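The whole structure should be built from the sequences, with the hints applied where relevant.
If you read the sequences in order, they're chains Z and U. Just so we're aligned: 142 in our numbering is position 142 of the first sequence, and the numbers increase by one with no gaps anywhere. To convert, take the position in the second sequence, counting from 1, and add 1000; that gives our numbering.
It is possible that some hints are incorrect.
[Said to hold, decoys possible] Below, computed lysine to aspartate or glutamate pairings styled on DMTMM-like, alpha-carbon distance capped at 25 Å: (1) U:Lys1088 x Z:Glu184; (2) U:Lys1082 x Z:Glu379; (3) U:Lys1004 x Z:Glu184; (4) Z:Lys353 x U:Glu1018; (5) Z:Lys177 x U:Glu1018; (6) U:Lys1181 x Z:Asp349; (7) U:Lys1082 x Z:Asp349.
Derived from the structure by calculation, the hints contain no laboratory data. This structure is a prediction, so every number in the text was calculated from the model and none was measured.
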Amino acid sequence: MESNKLSRVDYIFRPETNRLDLLKRVMSKDKDDFLLELIDSGLKGRGGAGFLTGLKWKLAKEAAGDKKYVICNADEGEPGTFKDREILDRVAGKVLTGMALCGYIVGADEGYIYLRAEYRFLSPKLNKMMAGINEELKSIGLNFKLGIRYGSGAYVCGEETALIESMEGKRGEPRNKPPFPVTEGYLGKPTVVNNVETFVNTVIIAEIGYHEYKKLGTDSSRGMKLFSISGDCSKEGIFELELGMSLADFVDEFGDGDTKAVQVGGASGFCVPRKKFKETIIGFEGIPTGGSMKIFNSSRSMYNVLHNYLDFFQEESCGQCTPCRVGCQQLYKGIMAVKRRERPATYLDELVKLAETMRFASKCGLGQSVGNAFVSIVENFREEIVY
Amino acid sequence: MTQKMINLTINNIPVTVEEGTTILDAARKLNIRIPTLCYHEDLCVAGNCRVCVVEQVGMRTLQASCAVPVRENMQILTNSMKVRQARKNIIELLLSEHRADCTKCYKNGNCELQDLANEYRTGNQMYLDLVHEKSFTIDMSSPSIMKDDSKCIRCQRCVRTCAELQGVNALSVANKGHEMKISSFFEKPMHEVVCTNCGQCINRCPTGALVERNYIDEVWNAIYDPTKHVAVQTAPAVRVALGEELGFDPGERVTGKMVSALRRLGFNSVLDTDFTADLTIMEEGTELLTRLKRALVDKDTTVSLPMTTSCSPGWIKFIEHTFPEFLPNVSTCKSPQQMFGALVKTYYAQRKNINPKDIVSVSIMPCTAKKYEAQRPEMRDSGYQDVDYVLTTRELAIMIKQAGIEFLKLEEEQYDRFMGNSTGAAVIFGATGGVMEAALRTAWEIVTGTPVPFENLNITPVRGMEGIKEASVTISGCKPEWSFLEGVELRCAIAHGLANAKQLMQAVKDGKANYHFIEIMACPGGCLGGGGQPIPTSPEIRKKRAEAIYSEDEHMKLRKSHDNPEVAQIYQEFLGEPLGHKSHELLHTHYKARKRY
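Here it is, written out as structure tokens:
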């Protein structure tokens, strides 16, 4: 498979140019034209699920409602990701501009950052910035007000409908879909929920134009992406890379020379063993990621890695639906039972089937993605789980 | 406006349904049953048990059929390999967190999880047992409800019942992940929280996690004790529902068979709560008229109007917690059960020449809150606990089965002649609006000397299953002593289900509603939908029970409480007059303001 070579770029953290000029430029054009450009840019949600951002905005714009909301999902909780914190710390203005842009396009007059509780230290700075921007927006006749809402530490609240429930003061439990937030979201009104990085991308597209943006990445994965790189690596931290590189190139650059596996996409992502590095593309055509890249070298026990993930999930499932609540416990306790010889190694096959059921039948993305890590680790490192 | 119609196929059979229909309902139209657990007709859709998942061709994930509306050209498979695999896994998962000691379980034989396990032949337990490694204690603190978390499958039907139908919120979800559970406020025992003991959660619990505190053995022991005289009373709504537990379809009246069965069980006297329901009308009707007189004639500003009914112990506990400022508005009348209890150990004991300490007073109720009510400290006016044991309709059915009585073939019998007489007005206490109707039949006639101006005494505006009903009658043709009521428009309201009650009382509190008399029943449909009634319950079943109640009323010779000759007799021989000294002592009570937390 042909793939892009790994290439580092620098768009996201570039200092913001003139916010008001940019907004005025967009406001001078037709909203639908901008939407078409956004759709054409190929930008997909940077939280990991990869829904076309332009389409989401279009649906929200077309949804009937006297009131609409824009929410920035800053509940960055996926194990191994820490890029949103950096964005909000360094270029929060771009995020807020993106939200205002979205508000203008879809017809919303309120926008909230849903900030994970652990990032509360960012709020004095954000609040100050928001107060200023609220005034600026008024000065150019854009009726849009920004504010912050805080999470309380549940992983599941990164799921957009659980996030909305949490914002409404309820238990953070995912809703049944449909209806989707674009038609019935926060307080029952049409709502756009996008990741922090997605909003920055929309600003970049407005700035450099969709033609320029489309030159980055591949056909299925346009643009660039921030990666949170951790684990057994030669360089760790946040790196901005074009989408569509092969994992082999990635490991050449960031691995420590002894890489056994890479967990792409955090606990809810996939574990790729060395033998599949070459054929694995980082992007929507291969393995998409919200940014978390964890590198494991040969000193790591994949049993421990899986045990750790499952322990995380059995605790962070909201507990609402059966496959996720009970399934997570069964997977977690199941691998321990196999390790302790209380169940035969073939019990793992039953658990793989269970993981499939969780993938198909769980209510939200959390339960549906537990099987990713489980199946990919059990299939590729079965001997480490059993012995 | 005509509804848009949607075409789809389910298991390759085409079907056309209205837009907005769920896949589950569309399948029902084709007589395809999709199993469910967290779904309940009375409640909002949760979509969390995932037992009802189906395959939508072209979709990666399975869809919860109870939650997903149909779309044009959908192709649904309800029994594909993927669906079966998932459904079986899910049932096995539920069983792994459920203490499946079915043979020892109170709900054995009436458990939706058990039915599913049977259907899917889950046989050997595939997954690890998650129950035994956690420690569970059964909450037996409440005299009405037992809560056993080891049987709970977290479907949240109880939570939705408590919040949506009842507006009580005594039960809610606590914690997350593997520690997620259904809990009370700060995990306090059930008797220390705002629980009204209504038992609606029990009616909707698919397993044995929530059941009534049963007193079956205690009652058997009393029956077996030769030194005891065991008197049983039966509430109006029991007779139209008991049949459901014993082989009849919903809506069958089994009064005669029930009386016969109670005798065969060995109760020494078989009496009717309906008698004290008639008495309640005399007391409560007089109380209302007295309050009206004080307000209209004496211009007494301290009189509390609107007056509300007091028959429903769930409602009483609710108002004590939620609207304590309205306690003076509640009629001081005890509920018919408690009036009966107080009279059994006084009036009845005297007349039958039995030492009241040897009387065991048992009541058969459609209700779990009555168990709590019987144990209230203020319910001992006879000098003893007025009602010793309260059994639900379900518990009575269990006793009948235990005794080997073939209920279907039983001859019909009549209640005892003493304290067994009643009127149609008492029977309709079992349906929402019934107390109002009975009270109006009597009060109107006291005031005007003529029957209520409704065809065949059927005051239809107060009937039906609407959550809050309003009615008003303008009084005319008053007798001279009631002339102050001439031309007065008597405004009434009726609510059933505590969420509706809450809404109604809030309106009164906010000054948005102005009534003289309010009837409130804690349970949806009134007592016929009570927490002690046969499981399952649904709007359809409750409608049938209501029809049976009104038909029982139509078939009674006497249909107005004040026409009950026994009522006249007890006032003459024992009580004196309504609201008289003796009545106050035995038939009236007081309430206690309680905190929300």
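Consistency of the hints with the structure:
1. U:Lys1088 x Z:Glu184: 33 Å, violated
2. U:Lys1082 x Z:Glu379: 21 Å, holds
3. U:Lys1004 x Z:Glu184: At roughly 21 Å apart (the allowed maximum being 25 Å), glutamate 184 of chain Z and lysine 1004 of chain U satisfy the hint.
4. Z:Lys353 x U:Glu1018: Given pair lysine 353 of chain Z, glutamate 1018 of chain U is violated - Cα atoms ~37 Å apart, limit 25 Å.
5. Z:Lys177 x U:Glu1018: This hinted pair holds, its Cα atoms lying about 19 Å apart.
6. U:Lys1181 x Z:Asp349: 29 Å, violated
7. U:Lys1082 x Z:Asp349: 16 Å, holds
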